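Chain order of the listed sequences is A and B.
Each residue of the first sequence is one higher than the last, beginning at 1 in my numbering.
Each residue of the second sequence is one higher than the last, beginning at 1 in my numbering.
These aren't lab readings, by the way, just hints derived from the structure by calculation.
Any given hint could turn out to be false.
[To be verified] Lysine to any residue pairs mimicking SDA-like chemistry, simulated, CA-CA at most 25 Å apart:
| # | chain 1 | residue 1 | chain 2 | residue 2 |
| --- | --- | --- | --- | --- |
| 1 | A | Lys19 | B | Leu11 |
| 2 | A | Lys186 | B | Gln12 |
| 3 | A | Lys19 | B | Leu13 |
| 4 | A | Lys19 | B | Leu24 |
| 5 | A | Lys19 | B | Gln12 |
| 6 | A | Lys19 | B | Ala35 |
| 7 | A | Lys19 | B | Val33 |
| 8 | A | Lys152 | B | Gly7 |
| 9 | A | Lys152 | A | Gly305 |
| 10 | A | Lys152 | B | Leu32 |
| 11 | A | Lys225 | B | Val28 |
| 12 | A | Lys225 | B | Thr9 |
| 13 | A | Lys186 | B | Leu11 |
| 14 | A | Lys225 | A | Lys66 |
| 15 | A | Lys19 | B | Val28 |
| 16 | A | Lys19 | B | Leu32 |
| 17 | A | Lys152 | B | Trp17 |
| 18 | A | Lys186 | B | Trp17 |
| 19 | A | Lys66 | A | Lys152 |
| 20 | A | Lys152 | A | Leu54 |
| 21 | A | Lys152 | B | Leu29 |
| 22 | A | Lys186 | B | Thr10 |
| 23 | A | Lys152 | B | Val33 |
| 24 | A | Lys19 | B | Leu29 |
| 25 | A | Lys152 | B | Thr10 |
| 26 | A | Lys152 | B | Ala35 |
| 27 | A | Lys186 | B | Leu26 |
| 28 | A | Lys152 | B | Leu26 |
| 29 | A | Lys186 | B | Gly7 |
| 30 | A | Lys225 | B | Val14 |
| 31 | A | Lys186 | B | Leu13 |
| 32 | A | Lys186 | B | Val33 |
It should be emphasised that the depicted structure is a prediction, and the values quoted were computed from it without experimental measurement.
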Amino acid sequence: MDTGSGGGGWFSRSRTVAKPGFSRWMVPPAALCVHLCIGQAYAFSVFNLPMTKLIGISESAPDDWKLTELGWIFSLAIFFLGVSSAVFGRWVEEGGPRKAMFTAACCWAAGFLISAFGVSIHNLWLIYLGYGVLGGIALGIGYISPVSTLIKWFPDRPGMATGMAIMGFGGGAFIAAPLSVWLMRKFTTETHIGVMETFVVLGIVYFIFMVVGSIIVRVPPADWKPDGYVAPKENKLISKNDVFVYDALKTPQFWLIWWVLCLNVTAGIGVLGQASAMSQEMFPGLITPVAAAGLVGLMSLFNMGGRFAWATTSDYIGRKNTYFVFMVLGFILYCLVPLTGAAGSVAGFVLCFLIIISMYGGGFSTVPAYLRDMFGTRYVGAIHGLLLTAWSAAGIFGPVIVNYLREYNVTHGVPKADAYNNTMYIMAGLLVIGFICNFFVKPVDSRFHMKEGEAGAGLGAAGQAAKA
Amino acid sequence: MENNQNGTTTLQLVLAWGFVGIPLVLGVLQTLVNAMKLFQ
Chain A
1 MDTGSGGGGW FSRSRTVAKP GFSRWMVPPA ALCVHLCIGQ AYAFSVFNLP MTKLIGISES
61 APDDWKLTEL GWIFSLAIFF LGVSSAVFGR WVEEGGPRKA MFTAACCWAA GFLISAFGVS
121 IHNLWLIYLG YGVLGGIALG IGYISPVSTL IKWFPDRPGM ATGMAIMGFG GGAFIAAPLS
181 VWLMRKFTTE THIGVMETFV VLGIVYFIFM VVGSIIVRVP PADWKPDGYV APKENKLISK
241 NDVFVYDALK TPQFWLIWWV LCLNVTAGIG VLGQASAMSQ EMFPGLITPV AAAGLVGLMS
301 LFNMGGRFAW ATTSDYIGRK NTYFVFMVLG FILYCLVPLT GAAGSVAGFV LCFLIIISMY
361 GGGFSTVPAY LRDMFGTRYV GAIHGLLLTA WSAAGIFGPV IVNYLREYNV THGVPKADAY
421 NNTMYIMAGL LVIGFICNFF VKPVDSRFHM KEGEAGAGLG AAGQAAKA
Chain B
1 MENNQNGTTT LQLVLAWGFV GIPLVLGVLQ TLVNAMKLFQ
C-alpha cells in the first residue's frame with residue numbers, strides 16, 4: 001500500500017498495514033496504551049498542593065510556588081496539545097500511528113524527567129518546558145494517532161469508535177491519581193516531598209507502556225470494510241463527500257464546531273484542573289486531601305464513561321442533538337453548583353460535577369464523528385487535529401477564569417467557600433453561546449466537496465492539488 | 001470479530017486487553033475505595 005510515507009523501516013506506515021486475518025479488536029488496546037498514559041494530564045491537579053509546599057513542607061513558604069503559577073503547567077500542556085495536533089496532524093496521517101505513538105512516548109517520558117529535574121532544583125520554568133511544552137506535544141501527537149486509526153477500523157460505528165479511543169484519555173487519571181498519591185507518600189519524608197521521584201517513576205513506566213502500544217498498532221488496508229458493513233441511510237447532516245483538510249478551514253461549519261468544542265471544554269476544564277483544591281476550599285473540613293484525590297478519580301470514571309456512552313449515544317440521536325443536550329443540561333448543572341456549596345451538600349456537589357464531567361468527556365469523543373459527518377472520512381484525522389486548537393484555547397481560558405476570579409474574590413473579602421460561585425455562572429453563560437453556535441451548524445456547501453480525482457489521490461497529491 | 005481465523009489469536013487478544021485492562025481495573029477499584037472516603 002502506497003501511503004506516500006516512503007521508507008522509515010519498522011516505524012513506517014507501510015510496515016503497520018494489517019495482514020489478512022488481523023483482528024480490528026487488537027487496535028483499541030493499542031490506542032489505550034497511549035491514551036491511558038497521556039490521560040495522566042487529568043490527574044495533574046493532585047501535584048498542585050504538594051508543589052506549593054516543596055520548601056515549607058508542612059505549609060507554603062514565601063519562596064514556594066503559588067497555585068496560580070502552577071496552573072500554567074496544565075494550561076501550557078493543553079495549549080501545546082492543540083498546537084502539535086494541528087501542526088503534526090498531516091504528518092501523523094502520512095507517517096502512520098506507530099511512528100507517532102513512539103514519538104509521543106519519547107516526548108512524554110522526557111517531559112516527566114525534565115520536570116523532575118525542575119522540581120529538584122526548584123525551577124518552575126523547567127517544569128513549564130518539560131511537562132508543559134514537551135508533554136503537551138506528546139499529548140497532541142499521541143491523542144490524534146489512535147483516534148484516526150480507530151475511525152478507519154470502525155466505519156460502521158464512528159461514534160463508538162471515537163468513544164473507545166478517547167475514553168482511554170479520560171481513564172488515564174484512574175491509574176495516575178491513586179498511583180501518584182501512593183508514590184508521593186512512598187517518597188515523602190519529614191524534610192522532603194517526593195514529587196521529583198514520582199515524576200521519574202511515572203516517566204519510565206509510561207514510556208514502556210506507550211512503546212508496547214506502538215508495537216501492537218496496525219492500520220487497515222486501503223478500502224478495507226468490516227464484514228457485513230452497510231452504508232448509513234440518507235441524512236443531510238451526514239455527508240458522503242470529503243472536504244480537503246485546508247478547505248475545511250474555509251467553512252463556517254468548522255468554526256462553529258470549533259466554538260462549540262471550545263466553550264464546552266472551557267466550562268469543563270475550568271473546574272477539572274483545580275478540582276482537588278476547589279473541593280477542599282468549598283467544603284473545608286468535609287473534603288480532605290485524600291478524599292479530594294478520590295473525587296479526582298471519581299470524576300475520571302465519569303469522564304471516561306461519558307466519552308464512550310455519549311459518543312455511542314450520538315450514533316443513535318445524532319451529533320448535533322448530543323451537543324444540544326450538553327449545552328442545556330450543562331447550563332442547569334453549573335447554576336446548581338453554588339447552591340450545593342451554600343447548602344453544604346457534598347453529595348449534590350459531587351453529582352453535579354460528575355454529570356458535567358461526563359458531558360465534558362462526551363464533547364471530546366463525539367467531535368471526531370461530528371467532523372466525519374460534516375467533512376467525510378478522507379481527512380478527518382488532520383481536521384480533528386486542527387480543531388483541537390479549540391482545546392488549547394480552552395486550556396488557557398478555563399483555568400485562568402477559575403484561578404484569577406478566585407484570587408480576585410478572596411482578596412476582596414469573599415469567603416474561600418463562596419469564591420467559585422461567580423465562576424460557575426460564567427461557565428453557564430458560555431454554554432448558552434455554545435448552544436447558539438451548535439444551532440447554526442448546517443450541512444457543508446457542495447462547493448467545498450472534493451472532486452472525484454482529488455478524492456482518489458493520495459495525501460501528498462491532494463496537497464499538491466490544493467497548492468495549484 | 002472478523003478475519004481472525006488465520007491471523008490474530010484469541011491469546012493475543014486476551015494478552016493485549018489484559019495489558020491495558022488489568023491496570024485499568026485496579027485503578028477503578030482504587031477509585032471506588034477513595035470514593036468511599038469522599039462520602040465518609
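Evaluated hints:
1. At roughly 18 Å between alpha-carbon atoms, A/Lys19 and B/Leu11 fall within 25 Å of each other, so this suggested pair holds.
2. Restraint check for A/Lys186 and B/Gln12: not satisfied, since their Cα atoms lie roughly 35 Å apart, outside the 25 Å limit.
3. Between A/Lys19 and B/Leu13 the CA atoms are separated by roughly 16 Å; this keeps the pair inside 25 Å, and the hint holds.
4. Note on A/Lys19 and B/Leu24: the hinted pairing is violated, with a Cα-Cα distance of about 29 Å set against a maximum of 25 Å.
5. A C-alpha spacing of about 15 Å is found between A/Lys19 and B/Gln12, which places the hinted pair at or below 25 Å, so the restraint holds.
6. Distance hint between A/Lys19 and B/Ala35 is unfulfilled; the C-alpha atoms sit about 44 Å from each other, more than 25 Å.
7. Only pairs whose Cα atoms come within 25 Å are accepted, and A/Lys19 paired with B/Val33 is rejected, the gap being roughly 43 Å.
8. Taking the CA atoms of A/Lys152 and B/Gly7, the gap is near 19 Å; set against the 25 Å cutoff, the hint holds.
9. Among the hinted pairs, A/Lys152 with A/Gly305 is consistent with the structure: their alpha-carbon atoms are about 22 Å apart, no more than 25 Å.
10. Restraint check for A/Lys152 and B/Leu32: not satisfied, since their Cα atoms lie roughly 35 Å apart, outside the 25 Å limit.
11. A threshold of 25 Å between alpha carbons decides the hint, and for A/Lys225 with B/Val28 the separation of about 34 Å lies outside it, so the pair is violated.
12. Restraint check: the Cα-Cα separation between A/Lys225 and B/Thr9 comes to about 20 Å, which is no more than 25 Å; the hinted pair holds.
13. Distance check on the hinted pair: A/Lys186 and B/Leu11 sit about 36 Å apart at the alpha-carbon level, beyond 25 Å; violated.
14. A threshold of 25 Å between alpha carbons decides the hint, and for A/Lys225 with A/Lys66 the separation of about 53 Å lies outside it, so the pair is violated.
15. Restraint check for A/Lys19 and B/Val28: not satisfied, since their Cα atoms lie roughly 35 Å apart, outside the 25 Å limit.
16. Our distance criterion of 25 Å between C-alpha atoms is broken by A/Lys19 and B/Leu32, whose separation comes to about 41 Å.
17. At roughly 20 Å between alpha-carbon atoms, A/Lys152 and B/Trp17 fall within 25 Å of each other, so this suggested pair holds.
18. Between A/Lys186 and B/Trp17 the alpha-carbon distance is near 29 Å, which puts this suggested pair outside the 25 Å criterion.
19. Using a Cα cut-off of 25 Å, the hinted pair A/Lys66 and A/Lys152 is violated, with the two alpha carbons roughly 45 Å apart.
20. Using a Cα cut-off of 25 Å, the hinted pair A/Lys152 and A/Leu54 is violated, with the two alpha carbons roughly 47 Å apart.
21. Distance restraint check for A/Lys152 and B/Leu29: the Cα-Cα separation of roughly 33 Å exceeds the 25 Å cut-off, and the hinted pair is therefore not satisfied.
22. Between the alpha carbons of A/Lys186 and B/Thr10 the distance comes to roughly 38 Å, so the proposed pair goes past 25 Å and is violated.
23. With a C-alpha separation of about 38 Å, the suggested pair A/Lys152 and B/Val33 falls outside the 25 Å cut-off, and the hint is violated.
24. With a C-alpha separation of about 37 Å, the suggested pairing of A/Lys19 with B/Leu29 is violated against the 25 Å cut-off.
25. Restraint check for A/Lys152 and B/Thr10: satisfied, since their Cα atoms lie roughly 22 Å apart, inside the 25 Å limit.
26. Proximity of A/Lys152 to B/Ala35 is assessed by CA-CA distance (about 37 Å); at most 25 Å being required, the pair is judged violated.
27. Simply put, A/Lys186 and B/Leu26 have alpha-carbon atoms about 19 Å apart, close enough for the 25 Å limit, and the pair holds.
28. As the CA atoms of A/Lys152 and B/Leu26 are separated by approximately 30 Å, the hinted pair breaks the 25 Å bound.
29. The hinted pair formed by A/Lys186 and B/Gly7 fails the criterion: a straight-line CA distance of about 44 Å is larger than 25 Å.
30. Taken as a hint, the A/Lys225 and B/Val14 pair is honoured in the structure, with Cα atoms around 24 Å apart against an allowance of 25 Å.
31. This hinted pair does not check out: A/Lys186 and B/Leu13 have alpha carbons roughly 35 Å apart, beyond 25 Å.
32. Between A/Lys186 and B/Val33 the alpha-carbon distance is near 19 Å, which keeps this suggested pair within the 25 Å criterion.
The earlier numbered hints that this structure contradicts are 2, 4, 6, 7, 10, 11, 13, 14, 15, 16, 18, 19, 20, 21, 22, 23, 24, 26, 28, 29, 31.
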